[in-house]
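Colleague: The task is simple: from the sequences and hints, build the whole structure.
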Amino acid sequence: MEIKIAKNAGFCFGVKRAMQMASDELDDKSTEVYSLGPLIHNKQAVSKYEEKGLKVVEEIENIPSNERVIIRSHGVGEIVYNEAENKSVKIVDTTCPYVKKIHKIVNDFYKKGYKIIIIGNKTHPEVVGINGWCENSAIVIKNVDDIDNIEFDKDAKYCVVSQTTVDIDNYEKIVEKLNSILKDTVMKNTICSATKERQLSAKNLAKEVDCMIVIGGKHSSNTQKLVNICKDLTNTFAIETKDELNKEELKNYKSIGITAGASTPDWIISEVIDFLESI
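Take any residue in the sequence shown, count from 1 to its spot, add 1339: that is its number in the working numbering.
Heads up, a few of these hints could be off.
Claimed, not checked - Below, simulated BS3-like cross-link-like pairs (lysine-lysine); rule was C-alpha separation at most 25 Å, straight line: (1) LYS1454 <-> LYS1546; (2) LYS1439 <-> LYS1429; (3) LYS1454 <-> LYS1516; (4) LYS1546 <-> LYS1440; (5) LYS1454 <-> LYS1481; (6) LYS1443 <-> LYS1387; (7) LYS1440 <-> LYS1451; (8) LYS1443 <-> LYS1454; (9) LYS1581 <-> LYS1355; (10) LYS1535 <-> LYS1461; (11) LYS1440 <-> LYS1535; (12) LYS1368 <-> LYS1346; (13) LYS1557 <-> LYS1387; (14) LYS1443 <-> LYS1368; (15) LYS1343 <-> LYS1355; (16) LYS1590 <-> LYS1346; (17) LYS1535 <-> LYS1557; (18) LYS1546 <-> LYS1570.
Calculated directly from the structure, the hints in this document are not laboratory data.
Modeller: Now the structure itself:
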């Protein structure tokens, strides 16, 4: 059996930075450390941090005054910063710089009178956070077919941004259709470069192997994008850990490719590789 690993797999820059910052905060025992929502979309990694003392909450109001709260890499809306300040909660901001850039674009154009369009999943925390920088007024488009159900103001100016983990092909289809409908539109391709590279390397590897194993959280948006890309090209197994793999089933493949989502720690990837090498 030949095992091939995608060139771009596992923690991206933003997640790696957030995890290191969170770890440093947990080493400082001066106050309790909270996370506003799960730190990343990987329950195994989150569990390790909870063992170190991290407390996961959903609302600022659930955090006592003068404690610390980690804003995760997905980012949050403007109101969360105001709520934290009002409660005297210290913010540890691990928002990915690429996501921060989107917040600024949205806020700047919104103040100039533009209507905001976000390409992405409206329930994803990153999109919820982006929408929070234009007073939650954005139009959110997930698929090109959604456009048919939206009534646009033909006289308005629009600024279009995207969730950093959007599938590139899907983004281009949506942009093409929007350009054919709207007159005055500023398009900002805010898909993260690491996302583009990860999707491309997964696609290229999937063409070379008999099957792909995609490692990552079931609720991880970028991981599920990788699963869909690989499924179109070869037999694909979507897993969170090696425990979901079937040794007898994998023996039937001569070559196996491995990729992983941006929230998948190296140690989980290593365990999968060790498992395959044991076959």
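Colleague: Now tell me, hint by hint, if it's right for this structure.
Modeller: Now for the hints, and whether the structure bears them out:
no.	hint	in the structure
1	LYS1454 <-> LYS1546	41 Å, violated
2	LYS1439 <-> LYS1429	19 Å, holds
3	LYS1454 <-> LYS1516	17 Å, holds
4	LYS1546 <-> LYS1440	34 Å, violated
5	LYS1454 <-> LYS1481	17 Å, holds
6	LYS1443 <-> LYS1387	33 Å, violated
7	LYS1440 <-> LYS1451	17 Å, holds
8	LYS1443 <-> LYS1454	14 Å, holds
9	LYS1581 <-> LYS1355	22 Å, holds
10	LYS1535 <-> LYS1461	21 Å, holds
11	LYS1440 <-> LYS1535	17 Å, holds
12	LYS1368 <-> LYS1346	38 Å, violated
13	LYS1557 <-> LYS1387	18 Å, holds
14	LYS1443 <-> LYS1368	33 Å, violated
15	LYS1343 <-> LYS1355	23 Å, holds
16	LYS1590 <-> LYS1346	24 Å, holds
17	LYS1535 <-> LYS1557	20 Å, holds
18	LYS1546 <-> LYS1570	11 Å, holds
In terms of the numbered hints stated before, the structure departs from hints 1, 4, 6, 12, 14, listed from lowest to highest.
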